[in-house]
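Peer 1: Under my numbering, think of the first position of the sequence shown as 13, with each following residue one higher.
Calculated from the structure, these hints are not laboratory results. Where a beta carbon is used, it is the ideal one built from N, C-alpha and C, also for glycine. Watch out, some of these pointers could steer you wrong.
Now the in silico label distances, taken between C-beta atoms and shown as ranges [stated by the list, open to error]: (1) R227 <-> R71: 50 to 60 Å; (2) L65 <-> N209: 17 to 27 Å; (3) G253 <-> L147: 49 to 59 Å.
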Amino acid sequence: MIGIGCQSNQTPKKPVIVTSISIYQDLIHRITGDAVEVESMVKGSENPHTFDLSGGKIRLINSADLLVFNGMGLESWATQIVAGIDTQRTRVIYVANALRDSSFIIHGDNPHIWMDPRIGQAIVRHLLPALQTILPDSQAVFQARARAYEQELDQLYRDITQKLEPLHGKSVVAQTPGLDYFFSAFGIKQAAVIVNNPGTEPSARWMKELVDTLRTDDVTAIVRLPQFSESLPETLSRESGVPVVVMSPLINGAPYVETYIDLMWFDADALANAVAPEA
13 MIGIGCQSNQ
23 TPKKPVIVTS
33 ISIYQDLIHR
43 ITGDAVEVES
53 MVKGSENPHT
63 FDLSGGKIRL
73 INSADLLVFN
83 GMGLESWATQ
93 IVAGIDTQRT
103 RVIYVANALR
113 DSSFIIHGDN
123 PHIWMDPRIG
133 QAIVRHLLPA
143 LQTILPDSQA
153 VFQARARAYE
163 QELDQLYRDI
173 TQKLEPLHGK
183 SVVAQTPGLD
193 YFFSAFGIKQ
203 AAVIVNNPGT
213 EPSARWMKEL
223 VDTLRTDDVT
233 AIVRLPQFSE
243 SLPETLSRES
253 GVPVVVMSPL
263 INGAPYVETY
273 IDLMWFDADA
283 LANAVAPEA
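The whole structure should be built from the sequences, with the hints applied where relevant.
Peer 2: Now the structure itself:
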């Protein structure tokens, strides 16, 4: 019975999934639990539009069994990655591209579709088959977890709708278009955007027009994103007297925001407090 002692006790290696942003890292974790290793390239404090690849990130990508990008122009650097990988071994998914024909995709090429929890449900449904393919023995478990999470997101949407009811129809001025889907989902009007293309600077004429808008259009708040400089929103606030509210389109972009659901509640609470502090 010499061969018995030669059996390996090593735990089988988990599949590796690499996502572009932490939103997808969290959604995948909710479906798979600890059955896979899932890592995000871009952290919440970083800008996914201008992300620079490092040597460590390249090594992480090369280890991936599945790459999950948002698409729709969010990650200009994704083309460089995909060109250098073996797509026969590593599957690549572009989530927003696949959902482009959904009735909820109402902001053209704006890639920040995850900011509507109803689209979050559609994302979970889209990711599920790819995750089941990676671990076929876990298909039923993954499906059950996905369905339960979809129910959580449905309740989330209804709870935040109730929370933000006092703000329904009110207006904000946002720093970038990163929260368009959140505002639309909950009936918030966007009077203007400070910069449509992150990394650019508004003209002096546009800044004056924004101040006029803030003074005359009954705008509730100026929304600043922590991934960008605070100077423009603060300047507009000083000129108009309209308060600045910090909201984030990314997990880990603000304190204690570690999951997708945390993110939705952080933004809802920030906006609600602009109208009724401690609401």
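Peer 1: Against this structure, judge whether each hint is valid.
Peer 2: These are the hints, each one checked on the structure:
1. In this structure the supplied range 50 to 60 Å holds for R227 paired with R71, their Cβ-Cβ distance being about 52 Å.
2. The hinted window of 17 to 27 Å between L65 and N209 holds, with their beta carbons roughly 21 Å apart.
3. Against the hinted window of 49 to 59 Å, the Cβ-Cβ separation of G253 and L147 comes to about 55 Å, which satisfies the hint.
In the structure shown, no violation is registered for any of the earlier numbered hints.
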